[in-house]
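**Q** These are the residues of each chain, in order.
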Amino acid sequence: MSNIQSILAIGSIFILSLTSLSFNGALLQSNTVEIENKVYLTAFSLADELIEEIKLKAYDEKTLTFPTVNRGTLTPIASFGCDSVGGVFISKDGESYPYFDDIDDYDGYSYNADEPHAEKYHIAVKVYYVSETDPNTKSSSQTFHKRVDVIVSSPYINNNVTLSFIFTQK
Amino acid sequence: MAVLIDILGSSFIGGLVLLLILKLNLFASSNGVSSDNELRLQQNAKTLAEIIDYDFRKIGFNYSDTAILTADSNRIKYLAPLTRTSAVDTVEYYTSDSTQALGTENPRDVLLYKKINGVKQDGPSLGLTKIKFTYLDQYNVVTNILANIRYIKVELWVESTIPEMESKFVNPNHPYLFTYWEMKINPRNI
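Chains A and B are the protein sequences, given in the same order. Our numbering puts the first sequence at residues 1 to 170. Our numbering puts the second sequence at residues 1 to 190.
Please note that a few of the clues may not be correct.
Rough simulated footprint, nothing fancy, chain A against chain B, three-plus residues with beta-carbon under 8 Å [said to hold, decoys possible]:
1) 15-22
2) 27-39
3) 136-148
4) 182-189
Using 27 Å as the maximum straight-line C-alpha spacing, the simulated DSSO-like pairs for lysine-lysine come out as follows [said to hold, decoys possible]:
5) Lys55(A) <-> Lys153(B)
6) Lys55(A) <-> Lys120(A)
7) Lys57(A) <-> Lys184(B)
8) Lys120(A) <-> Lys120(B)
9) Lys184(B) <-> Lys126(A)
In silico negatives: residues of chain A with every beta carbon more than 10 Å from chain B [to be verified]:
10) Ser12
11) Gly25
12) Lys38
13) Asp48
14) Lys62
15) Leu64
16) Gly72
17) Pro116
18) Ser131
19) Thr133
20) Ile151
21) Thr162
If you are wondering where the hints come from, they were derived from the structure by calculation, not from laboratory data. All residues carry an ideal CB built from backbone N, CA and C; glycine is no exception.
Bound conformation, chain B alone:
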C-alpha cells in the first residue's frame, strides 16, 4: 500500500514538474514572438509619427497666404515645398479603407496615402488602423478656421500586422497588439 502511495505521489509531483517545464517552453517561445511583435509595433508607430512630423513641419514654408487648404479629422491638404529645390507643392494626407491593406494579416489596418500635386504615392500601412487630425489655434483651442490654425494634433492608433498568441486569450476575435501615439505639431510658417 505504502509503495502504491509513493508511486502515485511521485507521479503527481513528476507530472507537475513536466507541466511546469512545458509551460516554461511555451512561454519562452510565445514571449519571444510577442516581444518581437511589440517592438515592431512600436517601431511602426514611431516611423509613422516621424513621416508625418517631417512633412507637417514644412507647412507654409515659402508661402505667405493660408497654407492649409483642407482640414478634416481624417484628411489634410496643405501647401509646402517638400524638397529644398522644389517650388511649393500641394500635399494631401488621407487614409484608405481597411480593404486596401492586403499585405498584412490584420483586417482593420488602413493605408496612409500621401498625394503630391495630385499624384498619389504608395502609402505605408505599418498597422495603422485610425488617424485623427485636430486643428488648434494659437491658444490651443480647437478651430475650423483655416487661417487660424497654428497647431495640428495628430493621433495614431496602430496595431500589430500579424496576430499575437497571447492576445488570443484577451480578445479571441481580434488578437492584435495595440499602441497609441499622439503628437502636436506647430509648423513654424503658419
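Next comes chain A alone, as it looks inside the complex:
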C-alpha cells in the first residue's frame, strides 16, 4: 500500500511539473508574440520607407529624360542591380548609393538597421520585370511594369516581412 502511495505521489509531482512547464511556456510564448508584433510593425515601416524612397526615382535609366514607347529600349534584366564595393553600393549604370537614379539600380541593394525596439534588421531589395497582364508573373523580357520587393528580416521575427510595389513607366 505504501508503495502505491509513493508511486501516486511521484506521478502527481510529475504531472504537476509538466503542467507548470507548459504554463510557463505559454506565458513566455505570450510575451514573445507581443514583442514580435512590435518588431513586425517596425519592419513594415522600414520596408515602407525604402519603397517611398524608390518612388522618387525614374522608371529606367533610358527614361530619365523622356519616356519610351518601345519596350526593347529599356534596361535588360541582366543589367539590373548593384554591387557592394568596399561597403558602397555601385549600380551597373555606375551610380553609387544614395545617388541611384532609377528603380532597377536598387536590385540587390541591402543594408542593416538598428531601431529603438530591436536591432539587427536586414533590409534587402529585389527588382524584376513583371507581366503587364499579371503582376505576379515574372517576365524575363522588358515590360512597362517593374516590381520591387523589399524584404525585411530580423532575428526577432519568425517570418520575413516582404512589401511589394509595382512601378509603371511615368
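Chain A is already provided as a structure; the job is to place chain B on it using the hints.
**A** Positioned in the frame of chain A, the structure of chain B alone reads:
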C-alpha cells in the same frame, strides 16, 4: 510517522497546485489588460502616423515656390491646402511639453499641436512622448536647405497612456509600454 509524511507531502503538493492556479489567474487577468494596452498603444501610434501622413502629403500642392517654411527637428511649418476647396493654408506642427497632457496618467507624454493659419487646434496626445522630423534631399541626404527638401522622415516614440502591471517588474519607475514608428514621406508637390 508515515501518516505525518503523507500529510506533509500532500500539503506541499497541494500548496504548489494552489500557487499555480493563483499564478494562472493573475496571469490571465494581467495578460488581458496588457494585451488591451498593447493594442491601444499600436492603434495610437498608427493613428498619429496616419494624421501626419495625410497632412504632409499635401505639402506644396497648389503652390509653386518653396512650401516648407520652417524645418526643425521638432517643429515644421509649411504651406498646403488642407481641404479641396480652400486656398493654400499655413500649417504648423509642434509638440507641447509633458505638463500639458493632463488627460493621461503617463507623465512623459506630450500633445501634438496643429496650427492652421495661426489658429491652434486641440491636438491629440495618444501617448506620444517624442517626435522627430528629419529632412532629406532627393538623394536621401540630410539637408537644412528648405528648397532642397524632398522627403520628411518622421519618427514617433509612443507610450501607453496608463501604467501597465507587467512593466512594473521591468521598470518600476516608469511602468509604461513603448512603441516606435518611423516613416518617410515624399510630398509629391515639393
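**Q** What are the numbers of the hints the structure violates, in ascending order?
**A** 8, 10, 12, 13, 17
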